[in-house]
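Given these sequences and hints, build the entire structure.
Residue numbers (the working numbering), protein chains in the order written: chain A, 1 to 129; chain B, 1 to 296.
Rather than coming from a laboratory, the hints here were simulated on the basis of the structure. Predicted, not measured: the structure shown is a model, and the values here were computed from it. There may be inaccurate statements among the hints.
To be verified - Restricting the straight-line Cα-Cα distance to at most 25 Å, the calculated cross-link-like pairs of lysine-lysine (DSS-like) are:
hint: 1; chain 1: A; residue 1: K124; chain 2: A; residue 2: K90
hint: 2; chain 1: A; residue 1: K107; chain 2: A; residue 2: K124
hint: 3; chain 1: A; residue 1: K77; chain 2: A; residue 2: K107
hint: 4; chain 1: B; residue 1: K74; chain 2: A; residue 2: K107
hint: 5; chain 1: B; residue 1: K74; chain 2: A; residue 2: K8
hint: 6; chain 1: A; residue 1: K77; chain 2: A; residue 2: K124
Unchecked claim - A few chain B residues that face chain A, going by a derived Cβ cut-off under 8 Å, partial list only:
hint: 7; residue: Q9
hint: 8; residue: M49
hint: 9; residue: I92
Beta carbons are placed, not taken as given, at the ideal position from N, Cα and C, and that holds for glycine.
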Amino acid sequence: MSLFGELKNEYSIAEWVSLGISLSILAVIVGLVVWFWLSPADRLARFLVREGQTRMEDGLYYVDFTIENIGDETGEKVEVKGSITAGDHKEEASTVFDFVPGRSEEKGVLIFTRPPRGLVITVKSYQKP
Amino acid sequence: MTSGKKNSQWLEELDDVLRAVSGAFLFGIPLLYTMEVWWIGSQVDALDMSLSLAATFILLIILDYGAGFRMNKKYVWSVSILDSLVALAVAIVCAALSLKIIGYLPSDLGLENMLGRITMEAIPFGIGVGISDHLVEGQKAQGEDPNRQQERQRGEEERTAEGKLHGTLVDMGATALGAVIVAFAIAPTEEILFIASRQSSLGILIIMSVSLVISYIIVFEASFVSESKRMQQRGIFQHPVFETVNSYLVSLMVSLFMLWLFKILGSDQSYQEWLNYVIVLGFPASIGGAAGRLAI
Numbered sequence: 001m002s003l004f005g006e007l008k009n010e011y012s013i014a015e016w017v018s019l020g021i022s023l024s025i026l027a028v029i030v031g032l033v034v035w036f037w038l039s040p041a042d043r044l045a046r047f048l049v050r051e052g053q054t055r056m057e058d059g060l061y062y063v064d065f066t067i068e069n070i071g072d073e074t075g076e077k078v079e080v081k082g083s084i085t086a087g088d089h090k091e092e093a094s095t096v097f098d099f100v101p102g103r104s105e106e107k108g109v110l111i112f113t114r115p116p117r118g119l120v121i122t123v124k125s126y127q128k129p
Numbered sequence: 001m002t003s004g005k006k007n008s009q010w011l012e013e014l015d016d017v018l019r020a021v022s023g024a025f026l027f028g029i030p031l032l033y034t035m036e037v038w039w040i041g042s043q044v045d046a047l048d049m050s051l052s053l054a055a056t057f058i059l060l061i062i063l064d065y066g067a068g069f070r071m072n073k074k075y076v077w078s079v080s081i082l083d084s085l086v087a088l089a090v091a092i093v094c095a096a097l098s099l100k101i102i103g104y105l106p107s108d109l110g111l112e113n114m115l116g117r118i119t120m121e122a123i124p125f126g127i128g129v130g131i132s133d134h135l136v137e138g139q140k141a142q143g144e145d146p147n148r149q150q151e152r153q154r155g156e157e158e159r160t161a162e163g164k165l166h167g168t169l170v171d172m173g174a175t176a177l178g179a180v181i182v183a184f185a186i187a188p189t190e191e192i193l194f195i196a197s198r199q200s201s202l203g204i205l206i207i208m209s210v211s212l213v214i215s216y217i218i219v220f221e222a223s224f225v226s227e228s229k230r231m232q233q234r235g236i237f238q239h240p241v242f243e244t245v246n247s248y249l250v251s252l253m254v255s256l257f258m259l260w261l262f263k264i265l266g267s268d269q270s271y272q273e274w275l276n277y278v279i280v281l282g283f284p285a286s287i288g289g290a291a292g293r294l295a296i
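Here it is as structure tokens:
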């Protein structure tokens, strides 16, 4: 018996339908993998920090921020530091992200005792995976 | 082809696919609650993804020779390859959905990382699909024997209220045992805290609903044979929905006990945290519990 004839005997319509759905799902997945393969993904980690809203809780200033890794490489233990300078007063706050994968975002909060005017948030260091 | 035959053909296919889903969750869930798998998924490149997909597919073809997810099929190699494609798709969909539910497939993750996590998580889910015929069909042979079924039916009619209570207790015991077997290894790990801390109230409700649906699928839909058998089984809560809810509540109690035992829950936590941790551990526990019911 030919291969197709064999399949025709063994497979019901319902089974063909689920095979069809499965193949379209797999086509999307395989298509994406091929696309990633073809598009070069070797940019080193690079971070952008965006300052968000500030709220006051019990006399402290909570500053939201978002860190985005626009490279392809993952950054581990990414250290973010924020500093404000008002006259003689200099204040720093920092946090560490365990993991910022390439092309993704994480959110964090820095806390200050003074109003965070002139706040500068920078990424100080990260470890290579 | 008569419409009745057509109908049964669709039901049979639904039965097969739901059996595959049951196997995927039963085997895959311990590795869903493993953070290393999430992190590795963020580090793999396209080559690793292709290799893991190919490896899972080959594994499924091999497993299909001995087990697979379809019932009552004679082995034909060409059919086996097509079945393995379906199995791979089921594994990928289950892996993606469950990662999404526990909050480790956020939309800001980036497409490549998402795909990396899904393909890595699809390996254990795929193995589960590949052996699902064995995992969830332990009682197939007994259920198919018409004489035994008749005997059982006669037995049911003779049962007293006391017998029914006994049956319910046996069911609950089996559920608790299954829940412990699957969830005990997960209970003391940090993943419970990680997953719970990411959940909103809606997220917790979704985890609850999915736990109930998957338990229902495992106990009642995995095999229509088992289902008709369970429908006749002794017990106070004979309706499938009651049985599933009962099984879920037992699994939650077991989760609560394990979290307390491992000192993850204590008096310094809020009620909200208690609830979240119990529901998050309740997901694997209820899947184990449902499988435990199936085994008796």
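Here's how the hints hold up against the structure:
1. A:K124 <-> A:K90: Satisfied, since the Cα-Cα distance of roughly 18 Å is no more than 25 Å.
2. A:K107 <-> A:K124: Answer holds: K107 of chain A to K124 of chain A is near 16 Å, not above 25 Å.
3. A:K77 <-> A:K107: Distance ~14 Å between K77 of chain A and K107 of chain A Cα, so the pair holds.
4. B:K74 <-> A:K107: violated (54 Å)
5. B:K74 <-> A:K8: Roughly 14 Å between the alpha carbons, so the hint for K74 of chain B and K8 of chain A holds.
6. A:K77 <-> A:K124: holds (10 Å)
7. Q9: Cβ of Q9 of chain B sits 5 Å from chain A, so the hint holds.
8. M49: Given a least distance of 5 Å, the restraint on M49 of chain B holds.
9. I92: holds (6 Å)
Violated hint: 4 only; the structure is consistent with all others.
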